[in-house]
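Chemist: All chains should be built: construct the whole structure from the sequences, respecting the hints.
The sequence shown runs 564 to 835 under the working numbering.
Worth flagging that the hints you see were computed from the coordinates, not collected in a lab. These figures come from a predicted structure and were not determined experimentally. Each hint should be verified, as a subset may be incorrect.
Claimed, not checked - List time: in silico DSS-like cross-link candidates among lysine-lysine, alpha-carbon distance up to 30 Å:
no., residue 1, residue 2
1, K612, K576
2, K705, K742
3, K809, K705
4, K784, K705
5, K809, K834
6, K705, K829
7, K612, K834
8, K784, K733
9, K829, K809
10, K784, K809
11, K705, K733
12, K829, K612
13, K829, K733
14, K834, K784
15, K742, K809
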Amino acid sequence: LNCYDAPVLFYFKGETDLNAARILSVVGTRNPSIYGRQQCEAIISGLPKDVLLISGLASGIDTFAHRSALNNGQNTIGILAHGLDTIYPRHNVNLARQMTRSGGLITEFMSGIQPDRENFPSRNRIVAGMSDATLVMETGAKGGSMITARLANEYNREVFAFPGRSIDPKSEGCNLLIKNNRAQLITSVNDLLEFMNWNDLFPKPKPIQFQLFAELNETEKQLAGILQQSEKNIDDLLMCGIPAGKLASTLLNLELNGLVETLPGKRYRWKG
564 LNCYDAPVLF YFKGETDLNA ARILSVVGTR NPSIYGRQQC EAIISGLPKD
614 VLLISGLASG IDTFAHRSAL NNGQNTIGIL AHGLDTIYPR HNVNLARQMT
664 RSGGLITEFM SGIQPDRENF PSRNRIVAGM SDATLVMETG AKGGSMITAR
714 LANEYNREVF AFPGRSIDPK SEGCNLLIKN NRAQLITSVN DLLEFMNWND
764 LFPKPKPIQF QLFAELNETE KQLAGILQQS EKNIDDLLMC GIPAGKLAST
814 LLNLELNGLV ETLPGKRYRW KG
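Modeler: This is the structure:
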């Protein structure tokens, strides 16, 4: 778990590879609309089978996400806000049992710990931190899903959100994330797969455009060579030895020239 406040210890029950190459978390309201449920199922049914799906095993979107993953033949993991000897909510006991055979359950809390209110924000940071990307399906302006999205941004993970009607309280959070550039707007699973480059687990490297490189200065060439191989976050780029001020101005210049795209989570992708 590559984040600054990761738990020292996990408790795990299940059968899956926790080092999966692609991990997506799906979060949302406990009281989704029919639209939210349909979109959740549609997204997950279109994911490659090797994508590991995680959520919080709560009512609503979490439950639909886990069930849809199992129906799609995917492994799915529930992140708990209590010990492994308890399942909350109780109506998800059978679902949790299925998940231990096709995924599993993870918690930082030892057996005997109950699902107390203060445990859920801690649970949300694991949901965000374990994932390559977090998808917010439907949520109000406040609540656990917005906390998870904020944490995912802090951890430099990708965040996606489904837009909804401006008058719908259940879409207020998603619309706010998109409006504030804290989440990438998607309307289909193909948007997510293309953005994450998940159509092919081992994509062919893009050819270096030598003619273009001749028109760039040395710092721009250095960044182009790095970003053409894979997208990077700002911390990765700072490790290349370019001074912070010069790095920021060079990235801005490349973006203004349509060569670099800024992504959520302070990440950058080569477009040229």
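Chemist: Now tell me, hint by hint, if it's right for this structure.
Modeler: Hints and how they fare:
1. Among the hinted pairs, K612 with K576 is consistent with the structure: their alpha-carbon atoms are about 21 Å apart, no more than 30 Å.
2. Of the supplied pair hints, the one linking K705 and K742 holds, its CA atoms being roughly 15 Å apart against a limit of 30 Å.
3. For the proposed pair K809 and K705, the alpha carbon gap of about 38 Å is over 30 Å, so the pair is violated.
4. Proposed proximity of K784 and K705 is contradicted: the alpha carbons are some 43 Å apart, above 30 Å.
5. For the given pair, K809 sits about 20 Å from K834 by alpha-carbon distance, which is consistent with the 30 Å threshold.
6. Taken as a hint, the K705 and K829 pair is honoured in the structure, with Cα atoms around 23 Å apart against an allowance of 30 Å.
7. Annotation: proposed proximity of K612 to K834 holds, straight-line Cα distance about 28 Å (limit 30 Å).
8. Distance check on the hinted pair: K784 and K733 sit about 45 Å apart at the alpha-carbon level, beyond 30 Å; violated.
9. Proximity of K829 to K809 is assessed by CA-CA distance (about 16 Å); at most 30 Å being required, the pair is judged to hold.
10. With a C-alpha separation of about 13 Å, the suggested pairing of K784 with K809 holds against the 30 Å cut-off.
11. For the hint pairing K705 with K733, the CA-to-CA distance comes to about 10 Å; that is within 30 Å, so the pair holds.
12. Proposed proximity of K829 and K612 is supported: the alpha carbons are some 29 Å apart, at most 30 Å.
13. A threshold of 30 Å between alpha carbons decides the hint, and for K829 with K733 the separation of about 27 Å falls inside it, so the pair holds.
14. Between K834 and K784 the CA atoms are separated by roughly 14 Å; this keeps the pair inside 30 Å, and the hint holds.
15. At roughly 29 Å between alpha-carbon atoms, K742 and K809 fall within 30 Å of each other, so this suggested pair holds.
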